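Please arrange chain B on chain A, whose structure you already have, making use of the hints.
So the sequences go chain by chain: A and B. Under the numbering used here, the residue at position 155 of the first sequence is numbered 138, and the numbers go up by one with no gaps. If you count the second sequence from 1, you need to add 38 to reach the numbering used here.
Everything labelled a hint here was simulated from the structure, so no lab data went into it. Small disclaimer: the values here were computed from a predicted structure and weren't measured. Wrong hints could be hidden among the right ones.
Result set (DSS-like, lysine-lysine): computed pairs, CA atoms no more than 27 angstroms apart in a straight line [stated by the list, open to error]:
(1) K87/A <-> K329/B
(2) K329/B <-> K148/A
(3) K236/B <-> K(-9)/A
(4) K249/A <-> K138/B
(5) K87/A <-> K326/B
Label-pair restraints from in silico Cβ distances [said to hold, decoys possible]:
(6) H(-2)/A <-> G277/B: 32 to 42 angstroms
(7) V170/A <-> I94/B: 48 to 58 angstroms
(8) I323/B <-> N122/A: 38 to 48 angstroms
(9) V(-5)/A <-> Y93/B: 54 to 64 angstroms
(10) H136/B <-> N204/A: 49 to 59 angstroms
(11) L16/A <-> A181/B: 45 to 55 angstroms
(12) V170/A <-> L97/B: 47 to 57 angstroms
(13) P179/A <-> I81/B: 29 to 39 angstroms
(14) K44/A <-> G277/B: 46 to 56 angstroms
(15) G275/B <-> A116/A: 42 to 52 angstroms
(16) V122/B <-> A157/A: 48 to 58 angstroms
All C-beta atoms in this analysis are idealised placements derived from N, C-alpha and C, irrespective of residue type, glycine included.
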Amino acid sequence: MSGKLKGKLGNVVCHLYLIILSVIAAFPLLWVLLCSVKSSGDLTSNPTSILPKEFTLGHFKNVIDTLGFTRNIGNSLIIAFFTTVIAIAISSLAAYGIVRFFPKFGNIMSRALVTTYMFPPILLAIPYTLVMAKLGLTNTRVGLVIVYLSFSVPYAVWMLIGFFKTVPIGIEEAARVDGANKMVTFVRIVLPLVAPGIVATAIYTFINAWNEFLYSLILINSTELMTVSVALRSLQGAEILDWGSMMAASTLVVIPSVVFFMFIQKYIAGGMTEGSVK
Amino acid sequence: MKTKKIDYGRWLLVLPALIVVGTLLVYPIFSSLYYSLTTKHLIKATYDFIGFDNYIKVLTDPDFFKAFLTSILWTVASLLGQIVVGFTAALALNRVNHLKGVYRILMIIPWAFPSIVIALAWKWILNGVSGFLPNLLYEMGVASELPQFLSDSSLVFGTLIFINIWFGAPMIMVNVLSALQTIPQDQYEAAQIDGASKLQQFMYITVPHIKVVVGLLVVLRTIWVFNNFDIIYLITGGGPANATTTVPIYAYNMGWGTKLLGRSSAVTVLLLAFLLIVCFIYFKIIGKWEKEDK
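Just chain A, with the same shape it has in the complex (with noise of 0.2 angstroms):
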């Protein structure tokens, strides 16, 4: 009986707590997203009021014809996709290769990309920001994409890793039986069986690379070819703080971000560390 209710009151308890982790989790988000539609008078004269006054879409409006934001989102979709496209297709041949064609190297090798996460990206800054003057790719989205691999394709390949390793190296002999080469058995056997796990990594890649900043900071100086993270700091050094705007801004940034993330969260779960413990 007294354990019952003990039980009871645990889950309660949990309840309690998971609701108080969760406001706190997704209201920055929440106020994001309304202060974006407040008017400018609403969002200093009403700090605590929830819901805007009066809605509005001025904000959004200044952001993209007077600020030309669209533009800052195109260099960083572009940006985004050719490091993710690339990242996807170095990444897979490399963990399918690590995971069937190197038993006992293999291990060796999963263990120095993760060794690789060590490295301070302001480490790495200066060597990129040093060569990529030399090669002059200062100030250009190619040069972007290649400093972008650095951090995605060793992460790529620690994720894939994981999924590979779920095919059954059974399926792949059945297919060479019937004489199917190495590589037709790659293309039409093992890719679609890992397909939703190359699907999440390519997301994942693509948020990470959205959503990167330092070396964006470091290597791109001009306004036409700044990533969101860079413009949208920029709005910050403006002489009359606008926060309604960079709040529109903001959101125009995070909204893909989490939606994306939504969808794969479920493959990223064990992912960091299952590369490795297995």
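Coordinates of chain B only, in the frame set by chain A:
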């Protein structure tokens, strides 16, 4: 003949990735090591070789030590908070039967936030004039005047750590949760029959099962938090009065503020060396745990 062909093919698969790692990760390390021994400047074309001069200058700079201490404090406090919140959230989520999916979705939102939006959202929520939280605390009578979370030097560091916990706890939660779900339920049932208390079950079934995963997570998060530049740079820029300057920000100011890239390289090499030592110790401990398991 045939085995040779296969050998060649398998290297072809990993070659592009090896090239990326070689040119974008290994080469820059050596390049930084080299520049750390020179007077390399961000703009000036020429530079001289000066041996360990940069390292001596950095290691005798009290500001560097202050930044180093700030980094340690920032990492330890953020990580402890992330682990406590992430772990307890995972345990709670593992226990409840209803609304699991809703809580989970809501709680992982921060994970997807770009650092610039983390910065802007929190700067606006905590704004000292029109921010939601300072005004709420004032209206509720908790604070007698609007608290200045980001410019009051006694509040700013704690505020940054709170924001970092907000951002990092979901990652811990999700990974711990997926580790918890791999524990066979019958072990708990057997323990219950044997009369083991909840605490004993936790200590002797839960902890051993997830120790290694949590250990690895701690390693990865330590590295990430210690290296993190964006959050602090975008929220406080290292201020007020260097109160929140960590080593990455110190290195950035040295390289792009004072334009002394050589000396900045020395700072980042020291940063990497420190992380290597910390990770070496971590991996020793985790390796021991893994052996115990087997």
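Task: Violated hints, by number in ascending order, as checked against the structure - done: Of the numbered hints, 11, 13, 14 and 15 do not hold.
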